[in-house]
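Engineer: So the sequences go chain by chain: A and B.
Under the working numbering, the residue at position 410 of the first sequence is numbered 410, and the numbers go up by one with no gaps.
The working numbering runs 623 ahead of the 1-based position in the second sequence.
Mixed in with the good hints there might be a few duds.
Computed cross-link-like contacts, EDC-like style, restricted to lysine to aspartate or glutamate with a CA-CA straight-line distance of at most 20 Å [claimed, not checked]:
1) B:K779 to A:E303
2) A:K250 to A:E322
3) B:K814 to B:E788
4) A:K155 to B:E935
5) B:K759 to A:E580
6) B:K778 to A:E303
7) A:K155 to A:E165
8) B:K742 to B:E786
9) B:K873 to B:D943
10) A:K53 to A:E12
11) A:K164 to B:E926
12) A:K155 to B:E945
13) A:K326 to A:E265
14) A:K155 to A:E167
15) B:K922 to A:E165
16) B:K778 to A:E241
17) A:K156 to B:E918
18) B:K896 to B:E788
19) B:K737 to B:E674
20) B:K1219 to A:E126
21) B:K759 to A:D179
22) A:K455 to A:D413
23) B:K1204 to A:E140
Because the hints were derived from the structure by calculation, they are not lab data.
Number of protein chains: 2
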Amino acid sequence: MFKIKFLPYNLEVTTLPGETIIDTAMRYGIHINASCGGAGVCNKCKIIIEEGKVKGEIIENNFYKACATFPLSDLVVRIPIESYIEKRATFLKPKKRPAFLSKEIKKIPDSPFKKLYFKLPLPTIEENFSDWTRIKYALEKEKILNPEVNINIFKKLPHILREKEFEVTLNLYYDPRKDRYYLIDIESGDKTSYNLGVAIDLGTTTLQLELIDLNTGETLAFTSDYNPQISYGEDVISRIEFAKRKDGLKILASKVREKIVNLIEEMLREAQKNLEDINLISLAGNTVMSHLFLELEPKYLREYPYVPVATEFPLIFAKDLELPLKETTLIQLAPCKASYVGGDIVAGVVASRMAEEEPLTLFIDLGTNGEIVLGNKEFLMCAACSAGPAFEGGGIKNGIRAVSGAIEVVNIDPVSFEPMILTIEKKPPKGICGSGIVSLLANLFKVGLIDRSGKFVRDTKHPRLREGEDGWEYVVVWKENSATGEDIVFTENDIENVIRAKGAIFAGCQVLLESIGLSFEDVERIYLAGTFGNYIDLEEAIIIGLLPDIPREKFFFLGNTSLEGAKLALSYKEILLKMEKVVNMMTNIELSTYPKYMEYYMATLFLPHTNEDLFPSVKNLKI
Amino acid sequence: MFKIKFLPYNLEVTTLPGETIIDTAMRYGIHINASCGGAGVCNKCKIIIEEGKVKGEIIENNFYKACATFPLSDLVVRIPIESYIEKRATFLKPKKRPAFLSKEIKKIPDSPFKKLYFKLPLPTIEENFSDWTRIKYALEKEKILNPEVNINIFKKLPHILREKEFEVTLNLYYDPRKDRYYLIDIESGDKTSYNLGVAIDLGTTTLQLELIDLNTGETLAFTSDYNPQISYGEDVISRIEFAKRKDGLKILASKVREKIVNLIEEMLREAQKNLEDINLISLAGNTVMSHLFLELEPKYLREYPYVPVATEFPLIFAKDLELPLKETTLIQLAPCKASYVGGDIVAGVVASRMAEEEPLTLFIDLGTNGEIVLGNKEFLMCAACSAGPAFEGGGIKNGIRAVSGAIEVVNIDPVSFEPMILTIEKKPPKGICGSGIVSLLANLFKVGLIDRSGKFVRDTKHPRLREGEDGWEYVVVWKENSATGEDIVFTENDIENVIRAKGAIFAGCQVLLESIGLSFEDVERIYLAGTFGNYIDLEEAIIIGLLPDIPREKFFFLGNTSLEGAKLALSYKEILLKMEKVVNMMTNIELSTYPKYMEYYMATLFLPHTNEDLFPSVKNLKI
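All chains should be built: construct the whole structure from the sequences, respecting the hints.
Structural biologist: Next up, the structure:
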């Protein structure tokens, strides 16, 4: 890490490994012109290296391209006059994670799936009880009483026992919900070291998987990919609709199962491990995704009064789902609370530990459903906010998912109204993803291009502000710099959709708080979950009124807590029970039937809010 | 029932419904010549009806054929002079069954498989918990907590619930060993009346099945047939050998499964019921049969130190065994004690209730293995006597199983040495089955044709006594009267085999008694189990020293207790647990390693025994 002093602001900041100079500047809110998202093609992000060594691309004279220049020492960097603006910069703190999550990972794992090695006493005429009884006696000494067993194990039992003179490895699964052991398999000799698990975040859009060594808790590989069900509907509602077609449900189930198996195989190749060593798969997904994965009828999830088939799931074998894995590979799913408060949230709450601690915590998963949970170890209230897909780029004219080339962060110069953009993987811009949308809306509002109602200030004269075919819009990227060959714009309709989405979440939080007679001031911690939640800029989220204007140190970015919870359930045998307890602790509030919800919601449809007093720091933010 | 007075004996006896006059005479040990087994072809069983009405066949003058004449009123019957012998007849008491067995059947059944009908409350927005939760709540009210469920039920759950407005029938199985309920299936509407079970005695030779209404306990149909594994070996040892061949075990398992399914289908046709209404199948079989049915390796059952794969069996679904029944049909097997004390005996002990009562009881299953159990509610000792197949006709020159045409009862005239025989179904004689063998041996001994060592008395001059190709033999049926066209003989070798068989059982009983410091005098009841046990003549069995010479009122014929136990396990949910308790109560004595067994055994190889004082009533039986 190096220090960079940016001139003329005279601000000293710290770099992160691998950052270009434009990354560092963006992270600290220091404006440098950038139209191509960091792809290195617009040649606008000129900087002068006044001191220090860099590795980079020179445009002309001693101008470097900020998007293609890496520091090799501490630097003094001057931003040339065309980007120089006197009043600048909200200085953001680097995003943070609560420390305890990583502490948890370091605990010695105690997986529900264990392999135990035994050297059993050989049968004698005095002790000629059955092979199975011999195993039961050995397990009794380990305090494992009356394990469940399937008749198929008996078929191989005598052969396995005698293969290596009664030296065997027993594969045992412990279900904490039943306080019961299952003998899943038996192997000859000592096979204890082959014990793998897979944690899966079964997301509506994205599948994220980790391959875990169940003995050590170590992550051996990670991968992620789209949920292939996307081809049959982008959101849960359209997938429920698709499932109504002939074989629709079957198709949805088999597509996601197939993809999961492919991703597992990919991780196994990477880690050089074998499929037959995968003993346990732990999934966490929302209620619809859980239903579709299990091929359970999702129809009634969306029909009043929104009844799931099940919110808890029995132990499942790979063969029950016809997965082309080892037949006895076990599959456990995080339990769900209700139709729109799913196992992803339950897993998240468990991963966050909020239900085991004193501080009143507001857990927000900023996805399409916008699930929120409020509580601590005494109680948990939850709700699904139906935020809509705006934060995943849905319903936004040039909105896209967080893919390569998506604009993920925007800065607008308050004088020139010129944007500085960065795209994912620094590819020429294709569209705007969730974090970019929040960033863009916050900036448009901050520099005064839109008013509190989210309308463009019509008398602003600027080439980027215009009336397009869908009404008023701001041109984020001119077609010359876009990957699509079209202007990338942000319309008043888009703004309205984003305001509705952020309003739904904010009002949902208010209702949860009100339902127990509290307000945001009482909240001691806000946990932001989800990948999207991890990329948004806290200040910008507060500026648009998505998150409450409370002391910033109360916010924690937790990342993908659904995956984290699924992973914990692989490594610690009590987790599934904890999840069940969380479900039982939760009181679900159906916002649609909550009397004052609509009133709260209507009040949020301003920037940041109808009641400006709720956002004092935004009120004072006059540029 | 009529009275018949037999002249010249002046003995009045009572007929049973359907009996011919020769049947009645044989039952009371009254000799009438009969060479064709009752087939009506030898014309030797001439009788004179002196009083009363009959329906029958006249041979000549006023002689009737006793084997083809039925009483229509009380009779006076004279046996003509050619059969008349002054000193005659051990008068046998009709065979008896302990009364409590039929009492048990009359109790209201409380099957482990129950169908419960529910009219569930419809979901509302206030109570929109999942379909599965709704079911769990309904069951909770019936004190059924946390039933086990398979993910496949969830697939149909929402549809079944909504088919008849949340009126459903839940199919539940209760496993008393785990004190746990399983939700096996769910049906729409009230389907409680369709609830069938099948009880199976999985015999080495014979399969006996009953179709039971699980709601009422009523037997709807009965059938039996050979165990088709016979084609691959008559006894358990030869089947274990066959199982060692390539696919041998698979063949044995599939043959018996196939036959069972055929027999079930036959019963269903007879009772006009449907396959899908069979919910529970309860089997009891010896340890080898249980292994072969489940396709478990039987090899080690016969190899020192005789270790079974398992002696208790988990719950099995029809699909686990690839049985072409309803996939969710459950299969439960009676637990076994050891390699040669199987589930048939355990089921028998439970059916007999001996382990719940005070009297010291000796339970004897007179099959090939000759399993014996001694005890009461305080303790149970058991042993397998390896009696060999003699009592099933095996190892006997003209021995056959108890099939149509088998000689099942023999009387030998003490003066003429002519036999009176009856065959099963009164068909021309084919050979001698177990009860016939016991009867024949007892009679040969009684009339002095053989001595105490089982050797023919060589100086007897009689055409039926001769030296054949296999040594000395007695001609039971001349070839003119046999179905085979060959003489049916009983050789000294045969006698030796029978003596060994009866000796093994008697010595086994002695060892069991001695092991706890008791003798036959202390035994309060002897329970004779097994179909063979049901057909032997008590006095004759005592004469040959198979059964001890103790007061006759202590003997009880229980019939097929294996089937009875399997049936009880269908009708009463605690039976499987009782069976497990019996197994745990049992102490198995390996006779082959018991120090004094061989000594006891050697002493039994006389008729009735080396020590004549053990059989006082036989000692006094001088004709």
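Engineer: Run the distance test for K155 of chain A versus E165 of chain A: straight-line Cα separation, threshold 20 Å.
Structural biologist: It holds: about 18 Å lies between the C-alpha atoms, which stays within 20 Å.
Engineer: Is it true that the CA of K778 of chain B sits at most 20 Å from the CA of E303 of chain A?
Structural biologist: Holds: K778 of chain B and E303 of chain A sit about 18 Å apart, inside 20 Å.
Engineer: When you check the alpha-carbon spacing of K896 of chain B and E788 of chain B, does it fall within 20 Å?
Structural biologist: Between K896 of chain B and E788 of chain B the Cα gap is close to 28 Å, so the pair fails against 20 Å, i.e. violated.
Engineer: For a C-alpha distance cap of 20 Å, please report whether K155 of chain A and E945 of chain B respect it.
Structural biologist: This hinted pair holds, its Cα atoms lying about 14 Å apart.
Engineer: CA of K759 of chain B to CA of D179 of chain A, is that 20 Å or under?
Structural biologist: holds (19 Å)
Engineer: Mind checking the alpha carbons of K1219 of chain B and E126 of chain A for me, to see if they're no more than 20 Å apart?
Structural biologist: holds (17 Å)
Engineer: Between K155 of chain A and E167 of chain A, is the straight-line Cα distance small enough, at 20 Å or below?
Structural biologist: Between K155 of chain A and E167 of chain A the Cα gap is close to 17 Å, so the pair holds against 20 Å.
Engineer: Between the alpha carbons of K737 of chain B and E674 of chain B, is the straight-line distance 20 Å or under?
Structural biologist: At roughly 58 Å apart (the allowed maximum being 20 Å), E674 of chain B and K737 of chain B break the hint.
Engineer: With a cut-off of 20 Å on the C-alpha distance, tell me whether K164 of chain A and E926 of chain B pass.
Structural biologist: Distance of about 18 Å is within 20 Å: holds.
Engineer: Verify the proposed pairing of K742 of chain B with E786 of chain B, using a straight-line Cα cut of 20 Å.
Structural biologist: holds (12 Å)
Engineer: Has the given pair, K873 of chain B with D943 of chain B, been kept, meaning a C-alpha gap of at most 20 Å?
Structural biologist: Holds. K873 of chain B to D943 of chain B sits at ~14 Å (cutoff 20 Å).
Engineer: Does E140 of chain A lie within 20 Å of K1204 of chain B when you go C-alpha to C-alpha?
Structural biologist: Given that 20 Å is the threshold and the Cα spacing comes to 19 Å, the pair holds.
Consistency with the previously given hints fails for numbers 18, 19, ordered from lowest to highest.
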